[in-house]
Amino acid sequence: MSARNRELLALVPVAVLVTAGFAAVFIVHNNRADDLSGLSLTYGGYFLGLCLAAHVFLRFRLPYADPYLFPLCALLAAVGLVVLYRIDDKLALNQASVFVLGLVLFCLTIVFLRDYHVLERYRYLIATAGIVLLLGPYITRNETNGAYLSVDLGPITFQPSELAKICIVVFLASYLAEKREMLSVAARRVVGLTIPPLKHFGPLLVVWGAAMLMLVFIRDLGSSLMFFGAFLALLYVATGRFSYVLVGLAIFAIGAYAIGSSISHVHDRFEIWLDPFATGKNVPEGAGQIQQSLFAQADGGLFGTGLGESLLKLPGPFAPHCDQPFPDCGSILPAPHTDFIYAVITMELGLFGACGVVLIYALIAARGFKTAVMAPDGFSKLLAAGLTAIFALQAFVIIGGVTKVIPLTGVTLPFISYGGSSVVANMILLALLLLVSDRARRPRGERVDPVAPDVEGLTT
Amino acid sequence: MNRPIVRIYVLVLVLFTTLIYFTSKWAVFDADELEGKTANRRPLIEEQEVPRGSITTSDGVLIAESRPEGGGAHPIYVRRYPQGSEFGNPVGYSFVSAGRIGIEESENDLLAGEENEFASIIDEIQNQTPEGADVTVTLDAQAQRLSEQLLQNAVASTAGSNGAGSVVAIEPDTGAVRVMASIPGYDPNVAKQPEDLSRLQQQGTESPLFNRPTQATYQPGSTMKIVTAAAALDSGEFTPDSTLSGRTGIEIGGVPLENAGGETFGEIDMDFGLTHSVNTYFAQVGEQLGSETMFEYMNRFGFDQDPELDFPDDQMQPSGVYSEGNLLDDGDAIDIGRVAIGQERLLVTPIQMAEVAAAIANGGELMKPTFLQEAKDPDGRTVEELDPDVQSDVVSSETASQLTEMMTHVTEEGTAAGLTVQGAAFAGKTGTAEVDVEQGINRPWFIGFAPAADPKIAVAVMLETCTGCFGGEVAGPIATQVMEDLLSG
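Which chain is which? The protein sequence lines are D and W, in order.
Mapping the first sequence onto the working numbering, position 257 (from 1) lands on 257, and the numbers just tick up by one.
Mapping the second sequence onto the working numbering, position 110 (from 1) lands on 110, and the numbers just tick up by one.
Chain W extracted, bound-state conformation:
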C-alpha cells in the first residue's frame, strides 16, 4: 500500500507546482498586461490615493496643487492649476483620464513620492504618510507672464502673424530654464474633462498643446551664424580679423547666394560679417570648414539629439539637418554653406538656440538645461535640488569672449543697433528666416545674452510668421525686455 501513497504525493507536488506556475504568471510574467487592462481600476485608484506634490515657481507662485475630493477618511486627490493658461506649457497636466504631459510627467517620480524601498521603510518607522514631494521649478512667474504678454502684443501688432511664438530664457552658469513661453497657450484645468481636451487637440494648426520651445523645429536663419562663427574661431582656422569677400551673388554649393536685401560688400572681416549678418561671408566660412567640422560643433552645442532637459522625450525634438523626417549627418550630401547661415534643410528648436547663446555666455561651457530647482518632501527635507551639470565643452573661453565681443557689436552698430539691456549694449544676434519669399512672409529670431561682461541670462525669441518683418525689430525688443525683467528680479 505504500507505493500508491508515494505516487499520490508526487501527484500532489505536480498539482502544487501548477499553482506556483500560475501564480508566477499572474504576479510576474503577465503582470504588465493585467495592469494595462481597461477593467483594471487599481492603477487609477492607487494613483489618486496619494496627494501629489505641488509645483511652485522660483518666485513663489503656485502653479499646480492637489485637492482632496470625495471627503471622508479616504479621499482622492485631484489636480488644480491656479494660474490657468500661463503655465499650460511647459508644466502640462496630470489627470487620470488624460494622463500626464510636460513637467508633470518628467518630474512624476518626485511629485508622486515614488522613492526607493529603503526610504519608504524609514518613512514608515518615522510615522510618515506616503506623499509626493513639493517641487519648485526654475521658471520665473513674472518673466514668464511678461514673455507671454510681449509675444501676444507682437503677434497682435505685426502683419501676417499666425499667432504663434516662443521665448526661452536660460541661466548660462546653471542651465536653469527661467522662461519657457509658448503661444498660443491652453488652460491645463481643461484637460480634466476628456471631451474638452480632445477639442483642444482638434484645433488643427493652432495646436495649443504643442510646446513650441521644445517640440517645434524651424529654420534658424542668421542666428545659426553664431554656431558657424564659434566653429570657425575655435577650430583655429579663422580669427575675428580673417577677411573674405562679402559680395552678393557668390556661388555657394554651385548656386549664387544673395545677401539680405541684395547688399554687397568688398573684403570684410568676420566681426563685420557678423555685425551686419553677411550671408556670403559665413556661407564661405561654412564651406571652408566643411561638413565634418560644422557637424562636430553643432553636436557640441547639442544638435542631433533631444535637448538634455528634464522633460518628456515625446515632447522634445532634436535640432539638425532633416530629410523627410530623418536626421542627416556629415556623410550625407548637404549644402553646408547654406547650413552655416541657417538655411538648407536645417531645422532647430527655440530651446536649442537658447542653449547656443547660453554656451557662449558661459565661457564656452554648455550647462545641461533643467527645470528642477528643488524638491522637498512633506517634512521639508530637500529630496533633490538643482545641481549644475556640464553638458559639453563647446568652445574655448577665448573663442567665447571673441564671439561675445562680436555679438556686442551687433547691438551697438549692426542688425540690432539701438537695442539695449538696462541701458547698455549686450551680446545678440538677429535672424530672419524666409518662410515664403513671394509673399514676403518671414520668421523673425533673436538670440542673445546680458550683461555682456558678466552674462546672467541667455534668451531665444521667435515668432512663427510675420510679413516683411525682421528679427531685430520684432523679436529683439521682446528679448531685451525679458532679460531686463530677469536681471532686475
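For reference, chain D alone in the conformation it holds in the complex:
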C-alpha cells in the first residue's frame, strides 16, 4: 500500500473519534436542556472535511512523506475539538475556524518551502525574528498571571512564543549543521571536559543567555525549559557529546535557581509546586489552580466520568459574579480550555483517555525522530530532530505542569488546547517535518524537483 493510502486509512479512527465524541457530548448536553443547536454537530463534519482536503493536498505535493504524522496530529486535534465542544460549543466553532487558517499556512509552507534548505540562507534573520517574537509580550507589557506570554493585536491575542520556537529550532539546526565538525573535533580538554573553541561555542552561549533572559523577562520557566531543552537536544545530536548536555543542564539549573529565587513570580510557582496544599500566611496566590487540577483528575478515575458528565461549570449559588463568559469565569477548574485541558481529559476520559493522549504524543515523537534518522543531510536531521524535540517537550512541560511533575507554566498542549497561535504554529511545524520526511523517503533515482538545486551548493 502506498504511503498516502495508509495515511487515508489512518484517518478513519479520526473520523470515528470525532463522530462519536460529538454525538456523546450532544446527547449529554441536550439532556441537561443546555441550549445547544443541532447545527453545532456540523463542526465535526467541517473538521473532517479539512482533514480530507489536507490529505488530498499531501497526495499531490508530498507523496512520499511519512503517512502517520498527519493522521496522528489530526487525532490530537480531534480530541481537542471534542473536549472544547464539551466545554463550550462556541469554542469548538472558533477552533474549527482556526484550523482553516492553520491549514492554509500548512499548504503555503509546503508550497513555498518545497526546498526547505533555503531557510539556511536566512538563519540570522530567522533567529532575530524569533527573539523579537519572544520579547514581544514584554515590549508591549502584556502580562498574564505574572508572565509575559501574549501580544494583543486588536481583536486577536497572539502567543508569539509558539512561532518563535520554530524560528529558534531552524536557526540552531542550520548553525549546528555547519559548525558541528568544529564543535566536536577541534576541541581542547580541560579537567576531563571537552571544551570547543570559544569562537564556535560563543553563539551557543548566546542561546543560553537568551534562555536565561527569557526567564527574566518573560518570567516563564516552562517555555525557557522547552527552548533550552530543544537546544541541548540539538547540540547532542550535532556533536554526539553528552558532556555538553550535562554542562548545559548544570548551567541552566544554576541560572534558573538564581533567577527563580530573585523573581517572585517564578519563585511562587516553585513554592506552589513543592506544596500545593500548604496552609498559613505566606501561601502564594495561584495555588488553587493546581489544587483544582488535581481534584479534577481525582474525579476521573480509571475510565473517567464520561464526556460532559463531570463538574466544570459552577452551579447557581456557587458561581462567582462574572464579567467574562464561561469558561474564562465560572469554571471550577481554571482555564479548562487552554492550560488545564489535560485535566479535563483525565477527568472525563479517565486515566485510559489521558494515557491515550500521551501515547499519541509518543507516537508523533517516534515518527518525527524516525524522519530525522532517515534524513539525508545534517541540516535535515537536525531540523527534524529539533522540531520533534521541541514539540514533545512542549507536551511534557504543560502536562507535567498540570500533573505536578514540574512547576506549572502557561504553554499550550499542542493541537489540543484552544488557541489560534498554537494551532497555526504547530501546523507549520508539521508541514516542515513532512517536507523533510518526503525528501528522506523519496526512492533513489526519483527526479529532484528543478526548483530545488543541490543542497550543499547553497549552504556553503
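Calculated directly from the structure, the hints in this document are not laboratory data.
There may be inaccurate statements among the hints.
As the list claims (entries may be wrong) - 25 Å max Cα-Cα, derived DSS-like pairs, lysine-lysine:
hint	chain 1	residue 1	chain 2	residue 2
1	W	Lys37	D	Lys313
2	W	Lys368	W	Lys456
3	W	Lys192	W	Lys25
4	D	Lys404	W	Lys25
5	D	Lys404	W	Lys192
6	D	Lys404	D	Lys90
7	W	Lys25	W	Lys37
8	D	Lys404	D	Lys313
To be verified - One-sided and incomplete, this derived list gives chain D residues near chain W with beta-carbon spacing under 7 Å:
hint	residue
9	Phe158
10	Tyr236
11	Gln291
12	Ala298
13	Leu312
14	Leu351
15	Phe352
16	Gly356
17	Ile360
18	Leu363
19	Ala385
20	Thr403
Claimed, not checked - Partial list, computed: chain D residues near chain W (C-beta under 10 Å):
hint	residue
21	Asp299
22	Phe318
23	Ala365
Backbone N, C-alpha and C fix where the C-beta goes; we use that ideal spot for every residue, glycine too.
We have chain D; now place chain W onto it with these hints.
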C-alpha cells in the same frame, strides 16, 4: 548522528512515562485522599446538583423533599422535612455540612440516583436527566404519630420517667417496619445549621439524635421468657405441660432467685409459668437447656449481630450478653438461668424484641426487617420494591402455635389481663426490668402480636424508666392502641 537521536527518543519516552505515572497517581491511587481534602468542594457541589428523591410514608405523607435554591438554570437542591420532629428518627437528615444519618443514609444510593453505568447510558439515550428515585418507606405516618403521642402521654403521666421510650411495629409476614418511634425526638431541619446540630448533640442524657429502637440496649426483663420458651419447646426438651417448681428463692447459678413480688408457687407447667411470668420456672428451664441451646436460639432470633435492617451500621447495636462492651458467647462464664429471664448482663434493642414477637407471629419464620416499600425513578418506573426475605427459621410452626396460645393466656388471665386488641384477646408478654431496686425504678416492656389467630402486626414497646410501674400497665396499653390503629388502617 543517529545514535543521539535514538537516545533522545528514549529520554522522551522516560519523560512521558513520568507523566503517566503522575496522572495515575492523581486519577487513581491518590484519588480518595484528594477527594477527602477540605479544599475540594467538588463532592459537595456535585451532590447538591442532582435533586434527591423524596421520602413518603406508606400512607402517603411526605416526610423529606429536595427544594431548588439559588435559582437560575443551575440551582442546587437542599433537603426539607415538612413533618418536623415526627420522623427525625428514624428518617434522619441529609445536609452537605452535617452529612447523612438514618434512612437518608441507608437508602442514599436510591435517593441520589446512583445507578449502574449501563442504566445511566440508557437514561441518556432516552433523554433522562439524572435524578434520584422517590422512596416510599414502610412506615405508617398515622401510627407513628400515635405512637409518639402515646409515649409522650405515658412519660408525662408516670412517676420517675426520664422522658425516653421506644415503639417498634413490624409486619410479621413481610418484615415491613410500620412504626419506629423514639422519644425524645428532634426536628431534622435543624441539622441544616451546623451550630444548631451540635447543640442537639451536646444535650447529654436526652440524646435526641439517638435512635433508641436500634441503637439503645436495655435489659429485656421477662419479655426474654418468650425466647427461652421457644428454645425449650422447639428443642423438644419441654412441652407446654412440663412441670417444674415455681417456688421463690430457688438457687440459680448458686444464688437464690426471687419471683416478682416474692410470689411463690408449687409445681407449675410452662403455660402457667409464662402467663404469670414466674422467674424461677424459666430460670430452671434456662439452666436445663444450657448455654449452647440458649445461644443457638438467641442467634436464630437475630441476637449477637446487628439487626438485618436497611439502616446505617453505626446506628444499630447487636443484642446479646455483654461484658465491658464486648459480646460474650456460650463458652463464657454466664449465669444462663438469669439470661433466660432477661437478667444477667443481657442487653437488647427494642427492634430485636419486636423481631422476637414477629418471628412467633409468622409461624416461627423471622423475616428480614426493612424500611423500603418501593422506589420509583422520576419516570415512575419502579426501581426497587419490598421483596420479603426470610432471615431465619427460628422455630417450627408447631412451637410457634403453642407459644401463641400461651401468650394469649397472658392477656386473658395473666400479667396483662384485661388488655384487648379490637375487643379480643391477643398474644402478648410483659416485662419489667429492675433498673434501681432500692429506688424502685423499673423499665417497663411489652411485646406482642395480633390478632392471635392470624397475626398481622407485631410490636415492642419500652419506656426507659418509671417508678414502681409494670410493663402490663404502662407499656401494654400503648402496644394495644398502636396495633389497633394499624389493624384498622
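Evaluated hints:
Annotation: proposed proximity of Lys37(W) to Lys313(D) holds, straight-line Cα distance about 20 Å (limit 25 Å). Taking the CA atoms of Lys368(W) and Lys456(W), the gap is about 16 Å. The hint holds against a cut of 25 Å. Between the alpha carbons of Lys192(W) and Lys25(W) the distance comes to roughly 35 Å, so the proposed pair goes past 25 Å and is violated. This hinted pair checks out: Lys404(D) and Lys25(W) have alpha carbons roughly 11 Å apart, not beyond 25 Å.
Proximity of Lys404(D) to Lys192(W) is assessed by CA-CA distance (about 37 Å); at most 25 Å being required, the pair is judged violated. With a CA separation close to 30 Å, the supplied pair Lys404(D) and Lys90(D) exceeds the 25 Å bound. Simply put, Lys25(W) and Lys37(W) have alpha-carbon atoms about 15 Å apart, close enough for the 25 Å limit, and the pair holds. Using a Cα cut-off of 25 Å, the hinted pair Lys404(D) and Lys313(D) holds, with the two alpha carbons roughly 23 Å apart.
A distance limit of 7 Å between C-beta atoms decides the matter here; for Phe158(D) the minimum to chain W is near 28 Å, and the interface restraint is violated. Checking Tyr236(D) against chain W by beta carbon gives a least distance of about 5 Å; that is within 7 Å, so the hint holds. Taking 7 Å as the C-beta cut-off, the interface hint given for Gln291(D) holds, the closest approach to chain W being about 6 Å. At a threshold of 7 Å, the smallest CB-CB gap from Ala298(D) to chain W is about 4 Å, leaving the interface hint in force.
Taken as an interface hint, Leu312(D) does not check out: its beta carbon lies about 10 Å from the nearest beta carbon of chain W, beyond 7 Å. Of the supplied interface hints, the one on Leu351(D) holds, with its beta-carbon coming within about 5 Å of a beta-carbon of chain W, less than 7 Å. About 9 Å separates the beta-carbon of Phe352(D) from the nearest beta-carbon of chain W, more than 7 Å, and the hint is not met. Among the interface hints, the one on Gly356(D) is violated; its C-beta lies about 11 Å from the nearest C-beta in chain W, farther than the 7 Å criterion.
The criterion of a C-beta within 7 Å of any C-beta in chain W is not met by Ile360(D), whose closest approach is roughly 10 Å, and the hint is violated. Hint on Leu363(D) is violated. Least Cβ distance to chain W is approximately 10 Å, over the 7 Å limit. Given the 7 Å rule on beta carbons, the hint for Ala385(D) holds: about 5 Å separates it from the nearest Cβ of chain W. About 4 Å separates the beta-carbon of Thr403(D) from the nearest beta-carbon of chain W, less than 7 Å, and the hint is met.
A least Cβ separation of about 6 Å between Asp299(D) and chain W falls short of the 10 Å threshold, and the interface hint therefore holds. At about 6 Å, the closest approach between the beta carbon of Phe318(D) and any beta carbon in chain W falls short of 10 Å, and the interface hint on this residue holds. Below 10 Å, beta-carbon pairs count as interface contacts, and Ala365(D) has one with chain W at about 5 Å; its hint therefore holds.
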